[in-house]
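Participant: Since chain B is already given, all that's left is putting chain S on it; use the hints.
What follows is each chain in one-letter form.
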Amino acid sequence: MPLMHFRLASPASLIDINGVDELDYIERKNGMLSIGARTRQAQILTSEAAANAAPLLVEAISYIGHAQIRNRGTVAGSAAHADPAAEVPAALIALGADLECVSRAGTRAVAAADFFTGPFQTVLSDDELLTEIRVPAWPDGTGSAWMELTRIYHGFPVVGAGAVVHMSDGTIDRAGLGLCGMAATPIGADAAIDVLVGSAPSAELVEDATSAALADLEPPADVHGSTAYRTRAGRAYVRRTLTAAITNAGGTL
Amino acid sequence: MNTVAIALNVNGTSHHAEVDPRVSLVDFLRDELGLTGTHIGCEQGVCGSCTVLIDGTSVLSCLMLAVQAQGAEISTVESLSNGEAMHPLQEAFWEKQGLQCGFCTPGILMRAKEILDANPNPTADEIREGIAGNLCRCTGYQFIVESVLDAAERQTANA
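As you go down the protein sequences, you meet chains B and S in turn. Here the numbering used here is used: position 63 in the first sequence is 63, and no number is missing along the way. Each number in the numbering used here corresponds to the 1-based position in the second sequence with 253 added.
Pulled out of the complex, with its shape left as it was, chain B reads as follows:
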């Protein structure tokens, strides 16, 4: 709507899915948390299923705008909008979610890491609708953390990071990381995951993973932060979320 108010977008037609009650659900099935496309962000905040399966998503969504926005905004809407600085896309990448895209030609599931192609751009074609988000439920004992830098309380993130860590016998055996505001799309950081998985947590490991996550990034500059500022802030937020996620997973640094 703001894009239309600003005359930045003037779509010839809009299809409203608010009337499609069948797309309003949060369900845990087959080890996945399934979220229908009409499900409001506010519903995630009070969902026991979401809190159990994907606490990172709940935490990230708690940072979105304010109550009036979350009452109306949907999880899938934020994903399809594909703002590179938004919380939901980065959290979905960190968690390894799949996005179900439906057209008359058929249904396909796209990994969150492959879904976002540019600022406000996704792999969705003109005749496709994002109908469901499926977030894998991470095992019990998984630790996660979302943190973001904003100019004002609950403002839009300048940069943000979400981390998920699972440990077994003192070693990190599974991890996820998602960053927003650091590139033209929300991004994961496979290089950082490679550093983490298979190792016992330590401050040095977190530092190495953080460096790996930032290695190839040249964050966009705008009035809210230069490339150098975003790089420095992004480094701090990756380090802090990884540290917090490891701690929440029962690890010590």
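No lab work stands behind these hints, which were simulated from the structure alone. Since this is a predicted model, take the numbers as computed values, not measurements. Do not rely on the hints blindly, as some may be mistaken.
Distance ranges between label pairs, derived from CB positions [claimed, not checked]:
id: 1; chain 1: B; residue 1: K29; chain 2: S; residue 2: N411; range: 29 to 39 Å
id: 2; chain 1: B; residue 1: G19; chain 2: S; residue 2: T266; range: 17 to 27 Å
id: 3; chain 1: B; residue 1: V123; chain 2: S; residue 2: T310; range: 25 to 35 Å
id: 4; chain 1: B; residue 1: N30; chain 2: S; residue 2: S267; range: 24 to 34 Å
id: 5; chain 1: S; residue 1: H269; chain 2: B; residue 2: N52; range: 37 to 47 Å
id: 6; chain 1: B; residue 1: H81; chain 2: S; residue 2: Q323; range: 19 to 29 Å
id: 7; chain 1: B; residue 1: K29; chain 2: S; residue 2: T310; range: 22 to 32 Å
id: 8; chain 1: B; residue 1: R7; chain 2: S; residue 2: H269; range: 46 to 56 Å
id: 9; chain 1: B; residue 1: D127; chain 2: S; residue 2: Q350; range: 52 to 62 Å
Computed list of chain B residues with no C-beta within reach of chain S, every gap over 12 Å [unchecked claim]:
id: 10; residue: D16
id: 11; residue: R104
id: 12; residue: A113
id: 13; residue: E204
Idealized CB from N, CA, C, for every residue including glycine.
Facilitator: Leaving out everything else, chain S in the frame of chain B:
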């Protein structure tokens, strides 16, 4: 121009209207229904001035099209008073100086109504967090928080 027929209930009154699909809900409420209590601030979902309740839930009427309100029950600030007695929230804002210029007040009153409907006795911190989406450039918020606390007391006393 292609218009769309909508039926909705605003403040207890049923309305049928033919609307241009591009019209926002707040423009419809103000221009078509004459309910100018709901204010237009930023038109980008930041200021909270246009907050109304739809089926009891606070939303920003600048971020919705009027056609999306088909079948909805909407409450605007005009619903608070019957025209004679003020709502406890309005009494409290009057008594506690919860407004200065008043531009943000309709949105804050409706958000405060939702907060008190869900929790009749919120703490000052809960109120502060609850109205985080409503910008006020006059009061510094302290008197607003005190007004909502006072309204909660008034409502509890009357209950």
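Participant: Would you mind marking each hint as holding or not holding in the structure?
Facilitator: Okay, the hints, checked on the actual structure:
1. B:K29 <-> S:N411: 29 to 39 Å: violated, 47 Å
2. B:G19 <-> S:T266: 17 to 27 Å: With a Cβ separation near 23 Å, B:G19 and S:T266 satisfy 17 to 27 Å, so the hint holds.
3. B:V123 <-> S:T310: 25 to 35 Å: holds, 32 Å
4. B:N30 <-> S:S267: 24 to 34 Å: violated, 45 Å
5. S:H269 <-> B:N52: 37 to 47 Å: holds, 45 Å
6. B:H81 <-> S:Q323: 19 to 29 Å: holds, 23 Å
7. B:K29 <-> S:T310: 22 to 32 Å: holds, 27 Å
8. B:R7 <-> S:H269: 46 to 56 Å: violated, 30 Å
9. B:D127 <-> S:Q350: 52 to 62 Å: holds, 56 Å
10. D16: violated, 6 Å
11. R104: holds, 24 Å
12. A113: holds, 28 Å
13. E204: holds, 38 Å
In the structure shown, a violation is registered for the earlier hints numbered 1, 4, 8 and 10, in ascending order.
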